[in-house]
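Residue numbers (this note's numbering), protein chains in the order written: chain A, 1 to 309; chain B, 310 to 618; chain C, 619 to 927.
Hints were generated in silico from the structure; no laboratory data involved.
Examples of chain C residues lying across from chain A (beta carbon under 10 Å, computed): (1) I863; (2) T876; (3) G907; (4) D909; (5) S910; (6) A915.
From the derived model, a few chain C residues whose C-beta atoms are all more than 12 Å from chain B: (7) D626; (8) E660; (9) V693; (10) H755; (11) A771; (12) S778; (13) G791.
Distance condition first, Cα-Cα at most 25 Å in a straight line; then the derived DSS-like pairs of lysine-lysine: (14) B/K582 - A/K135; (15) B/K589 - B/K538; (16) C/K891 - B/K444; (17) B/K582 - B/K503; (18) B/K538 - A/K135; (19) A/K273 - A/K194; (20) A/K167 - A/K280; (21) B/K444 - C/K847; (22) A/K229 - C/K753; (23) C/K709 - C/K765; (24) A/K77 - A/K280; (25) C/K753 - A/K273; (26) B/K400 - B/K444; (27) A/K157 - A/K167; (28) B/K476 - B/K466; (29) A/K229 - A/K280; (30) A/K120 - A/K77; (31) B/K589 - B/K503.
For glycine and all other residues, C-beta sits at the position ideal for the given N, C-alpha and C.
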Amino acid sequence: MTNRLSADNWPIAAAMNGFSGVLPDGSLVQDQPADHWAATLEQVVDAGFTEFDPSDSWVRVADLSPSRLRDFMYVVKTVGLTIPAISTTRKASVIDPVNADAYLAYNHRVIDAAAEIGAKAVSFGLFGEFTEEQKRHLWFWTADGVKNPDDPATYQKAVSRIRELGKHAQELGIEVSLEMYEDTYIGTADGAVKFVNDVDVPAVGINADIGNLVRLHRPVEHWASMIDKLVPYAKYWHVKNYMRIEDPAQNLICSYPTSLALGIINYRVAIQKALAHGYKSAFLCEHYGGDSLTVCAMNRDYLRTILPR
Amino acid sequence: MTNRLSADNWPIAAAMNGFSGVLPDGSLVQDQPADHWAATLEQVVDAGFTEFDPSDSWVRVADLSPSRLRDFMYVVKTVGLTIPAISTTRKASVIDPVNADAYLAYNHRVIDAAAEIGAKAVSFGLFGEFTEEQKRHLWFWTADGVKNPDDPATYQKAVSRIRELGKHAQELGIEVSLEMYEDTYIGTADGAVKFVNDVDVPAVGINADIGNLVRLHRPVEHWASMIDKLVPYAKYWHVKNYMRIEDPAQNLICSYPTSLALGIINYRVAIQKALAHGYKSAFLCEHYGGDSLTVCAMNRDYLRTILPR
Amino acid sequence: MTNRLSADNWPIAAAMNGFSGVLPDGSLVQDQPADHWAATLEQVVDAGFTEFDPSDSWVRVADLSPSRLRDFMYVVKTVGLTIPAISTTRKASVIDPVNADAYLAYNHRVIDAAAEIGAKAVSFGLFGEFTEEQKRHLWFWTADGVKNPDDPATYQKAVSRIRELGKHAQELGIEVSLEMYEDTYIGTADGAVKFVNDVDVPAVGINADIGNLVRLHRPVEHWASMIDKLVPYAKYWHVKNYMRIEDPAQNLICSYPTSLALGIINYRVAIQKALAHGYKSAFLCEHYGGDSLTVCAMNRDYLRTILPR
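Sequences are here, hints too, so could you generate the full structure?
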């Protein structure tokens, strides 16, 4: 079936990062009645999507009770969507300084939930919640976030726990994609490749979300060099793009979110290289800034023009 | 009839700010023969618009003689356009240091002209002509413009005159929308809300043109916070968008005009909130930089994807 | 025939600058088997182009052997493309400090090749290969490139050689368009106009590629002022656009590549002015940054909306 993938039917999911998980009255989308979920998901459908990723900043499907999960999936099916993958976000690191054990257990539940709802992939990361400084900034990537410690024991703990999760996922036919994020063990192309090789489970690969890196207002490796290193390991992929200006004479480095076509990463080339290495996972369209859903829809349309006919 | 408004027929006007009111030979568009007006308006029609706002920087319809106004409206009708609203620009402030009385009289004529040509709204502002420094800059928003004085008497004069205009407009079934613009009494969300409450005429509301603010190379309130304050008062709305980069570490704040979807203001959210408060006025697409008309057309198409079906 | 040009059939070529002339294994596209050329050109066709310019950074058609050129043109025809013009790039300046004579001979061969394959124009420039500093920068326009010497003898040599080429081209019914590029004799509007007048051959005009200039992180003449000077001389035109931010208060000048519609140059106005001067050459869509081919395709579609019906 995977060899039937083509531009028309390749799973391209909308991220829910344009929709807050916290409602204006302070209550959580997690606790909304099902028809409110439907109202939000209908916007996703109206934007032309047939797939979405609940992104656990919006709804933590793995933490829904069995009956609520049934309600959720009923809504998803009714509006006409499917879920190719579940991404975890800022409350899920298996080496979180405070909640590491709870998050490890949560990640196992995410894998089980993925299997139950028919998703084929999960995305895990080692990044944490926003710092107070990040919350104060207009764009969170202009301030430092939580950093993984330069400590062999913690590194080894991360490897072991991701290996454990990877084996669990592999048994259920689920792939684990590790999201690249600055200042984590998966925060550079070389670091991500080393980490995945240290984990050494075939079901575990890299979520080559180098948009997370090219937006940093500090020196970063050229996108093309990173892609060459990453494509042999690429799995479920968060795609987004940024303009990036560098001018040493002005001591200037800055970035701004834009569409996949207009940003610095050439996704035509990046995806062609991944396909040449057998990439056959879904894509997730993410975007920060402005109308995220609309830009994700543009990006989905763009991807369909560069995927194989 | 207003409750029949939907994505397909919501009035979305092109601004004429991409077309200079002064011709290469120094003569004014105001004085052009009617067929020259037609040639320009045909470009607007070719870009897919069914509505436009003459924007008084292009043609001051309120200052056309009766026979010239008939010619103008004949051209407008012949090319297939309607005019949902008339916006005044830089020569219209009712507290202008030099021409306040003349501009007050002009604004009354604008209201009368709006009624005569079937427009439903006018946009008034308290900003002035460009300073010499603004004219020298590539982008006028990188230099300070004329500021409203911090003086209770002038503030009160502005309130009284806008109230007088508002009552005139209200009698004719026209709404008055006050354009947000930095360093005027309507230059912040809080200031605009206070001003409109001080005016206290139901026909008078706010033109939530916060694109004018998010483009400033200085600290500004977050767009989402402004929108929450403004939507209860929103009337005829100039929509445009900007990228906005802030980086305290580099002491950097800068902006650049972009499409509604790609800029920092999430118009999906902003407009949904306004609709929830009963917004039913027209929109005006404006854009500075590059091919204004083409970007306005993109923005119109975008608006139709997020307005109610 | 030229008076039948309209939006639908105006030749608008894709540049090949999104495709490297050097393959990952270090070999040259110049030496590829014909079916590999076809694979690349099929992407150009899939992007909706009917014309392309081989851009000598991709393939130097004038240096193909007769049989290889036949192969090349067979591929071009088979995929459904035509070549309205041939642009030379960084290894072609007739006043190159080292290879001036060889490049002059090459330029003559380019003219002959153009005539042979049915192209109507060639683009020549006086710029050189990237400096080491340019190669180290993320964007080459943030470092100085090779500069033409401030030396009357070299200037005169450039004029004479371009005149010689222009006469050769003119005999074959080919136009020569001189590409504007900073720090060359054709590096400002005034300089380009003077140079073309000094050359004084009707077949020789200006490639008004002012995208090359508005992207510079230094003061440049306003695009509108340059266009007014250039349009009487405009021939085969490389069109691309950039955002450009200037803020004297922050001592900031920066740029970023964007689509024709969103960048600082208003191509609607620029092209209308050129058409009024009788412009009837092809356009070349170029773009740096991200997925060049996709942005070129957007730009082609945009051009067709502003060309005469």
